[in-house]
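With our numbering, letter number 128 in the first sequence gets 129, and the count goes up by one each step, no holes.
Calculated directly from the structure, the hints in this document are not laboratory data.
Cβ-Cβ distance ranges computed for the label pairs, FRET-style:
1. Ala53 - Glu10: 25 to 33 Å
2. Pro201 - Glu54: 47 to 55 Å
3. Arg180 - Leu159: 14 to 22 Å
4. Asn86 - Glu253: 47 to 55 Å
5. Glu99 - Asn205: 16 to 24 Å
Below, a list of computed lysine to aspartate or glutamate pairs in the EDC-like style, where the Cα atoms sit at most 16 Å apart:
6. Lys298 - Glu253
7. Lys52 - Glu88
8. Lys46 - Asp92
Keep in mind it's a predicted model, so treat the numbers as computed, not measured. Yeah, the Cβ is synthetic: ideal placement off N, Cα and C, and Gly gets one too.
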Amino acid sequence: MLQITTIRENKEDVVKRLELKNVKNAAALIEQVLEIDNRRKAIQKQGDDTKAEANATARQIGDLMKSGQKAEAEVLKTKTTELKNREKELDEQLQSTEKEMHDLLVTLPNTPHLSVPPGTSATDNAVVFEHGSIPKLHDKALPHWELTAKYDIIDFELGVKLSGAGFPVYKGKGARLQRALINFFLDKATAAGYREIQPPIVVNEDSGYGTGQLPDKEGQMYHVGVDNLYLIPTAEVPITNIYRDVILKEEELPIKNCGYTPCFRREAGSYGKDVRGLNRLHQFDKVEIVQIAHPDKSYEVLEDMRNYVASLLTELELPFRTLKLCGGDMSFASALTYDMEVYSAAQQRWLEVSSVSNFETFQTNRLKCRYRNDKGKTQLAHSLNGSALALPRIVAALLENNQTENGIRIPKVLVPYCGFDTIQ
RNA sequence: GGAGAAAUGGCAGAGUGGUCGAUUGCGGCAGUCUUGAAAACUGUUGAACCGCGAGGUUCCGGGGGUUCGAAUCCCUCUUUCUCCGCCA
Numbered sequence: 002m003l004q005i006t007t008i009r010e011n012k013e014d015v016v017k018r019l020e021l022k023n024v025k026n027a028a029a030l031i032e033q034v035l036e037i038d039n040r041r042k043a044i045q046k047q048g049d050d051t052k053a054e055a056n057a058t059a060r061q062i063g064d065l066m067k068s069g070q071k072a073e074a075e076v077l078k079t080k081t082t083e084l085k086n087r088e089k090e091l092d093e094q095l096q097s098t099e100k101e102m103h104d105l106l107v108t109l110p111n112t113p114h115l116s117v118p119p120g121t122s123a124t125d126n127a128v129v130f131e132h133g134s135i136p137k138l139h140d141k142a143l144p145h146w147e148l149t150a151k152y153d154i155i156d157f158e159l160g161v162k163l164s165g166a167g168f169p170v171y172k173g174k175g176a177r178l179q180r181a182l183i184n185f186f187l188d189k190a191t192a193a194g195y196r197e198i199q200p201p202i203v204v205n206e207d208s209g210y211g212t213g214q215l216p217d218k219e220g221q222m223y224h225v226g227v228d229n230l231y232l233i234p235t236a237e238v239p240i241t242n243i244y245r246d247v248i249l250k251e252e253e254l255p256i257k258n259c260g261y262t263p264c265f266r267r268e269a270g271s272y273g274k275d276v277r278g279l280n281r282l283h284q285f286d287k288v289e290i291v292q293i294a295h296p297d298k299s300y301e302v303l304e305d306m307r308n309y310v311a312s313l314l315t316e317l318e319l320p321f322r323t324l325k326l327c328g329g330d331m332s333f334a335s336a337l338t339y340d341m342e343v344y345s346a347a348q349q350r351w352l353e354v355s356s357v358s359n360f361e362t363f364q365t366n367r368l369k370c371r372y373r374n375d376k377g378k379t380q381l382a383h384s385l386n387g388s389a390l391a392l393p394r395i396v397a398a399l400l401e402n403n404q405t406e407n408g409i410r411i412p413k414v415l416v417p418y419c420g421f422d423t424i425q
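Hey, can you work out the whole structure from these sequences and the hints?
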């Protein structure tokens, strides 16, 4: 959520940036926010004054009672009834005005960084980095959903039997490859200075709200109704919420955490080849990296994070490219996002395997995650996160790109983790 | 799941209706002393909103109520602890 102080102080800039994210009527919306804010301030002032008067009267009554002046006290009591009514009325007005503002503010997306390319869809994203060459496959090369069946390593039908579409069962070397990737990613992240976290994979409403899944994207998450808990769509949710309602010391920044969790996504409304095989699942594994950073340093941190993710892909010997997302393709909460895509040679398409974003204060404003600066004032920190990495599409690309007529070759870095170098 | 107790500032821990945003101790910060450090001593030290400022308002787990007035009384929810039961 955008900060009202930011909107007040940088009106034109906020409008300009919202337009970069294709928000319609940005200027009018901001004017409306400011109008409500002014109304809110006026109501609060009146309410505070009324309360101050009521407090003073109550004190007077107390003094009169003590000195035995009962009659005078009774007179004052009638005065407070009137004050109380006004107080109640103003409180209600304040609440409804605050709600009005809040309801409007939550509809506004984060303001993008000015380097974000303008645009409305994925075709406007800017390719900022490419690595590796697209592999040439042999004539009988198969897409990964056929390879997994051929080698009996991932069973989609069995998942349908147990749970439904989008819940594959990993078997034998397929399961071992999953475990290998998780361990490889966690070891790398730890070596890069991230502290490993094992969070809960169901979270409460407050947490869902803190990172922005609630109230809007409720349909994206599985909901455990009886306990009113949500299955996490990403480890970002619990790991970032660690810092909800926390005031950090400036010297603690940046805070680097990582964690492996299964992720659950309902993802209604997609069909066809986009969701075939491992391309899109309801449950998948992911290692996430999360940083809480100083506002002056968060863009350095973002570059650092995307270089880190690139290094993982390089080690896995996967051809990939880095996109800087355009205003129209970025997520609601992000100020700047890099997507990393690997090339899946049998499908002959790019698959998004990581998204690295700087949210600036958009999440921390909701989370109330602050640090104390050198002047002793509390300020919102910046939050960032990235996948490092999401497994299924990595597996898809590994299987497809490394297939030979004699089996699938495991990249060198994973062999110690797998305990085998080929899937036959 | 049953019975009981509790929830106060970074931590510990007072406060059972009227200058209590809250005694005190520890911790933190600043200073005095010291060649330096420690110790000792002195001061300072929660958050949010409104206001140019003076200052005002709100917050003692969450929500609601009683009262002129609530950290203090009542209701309710949540969490923690102790005992019993069950159990990976």
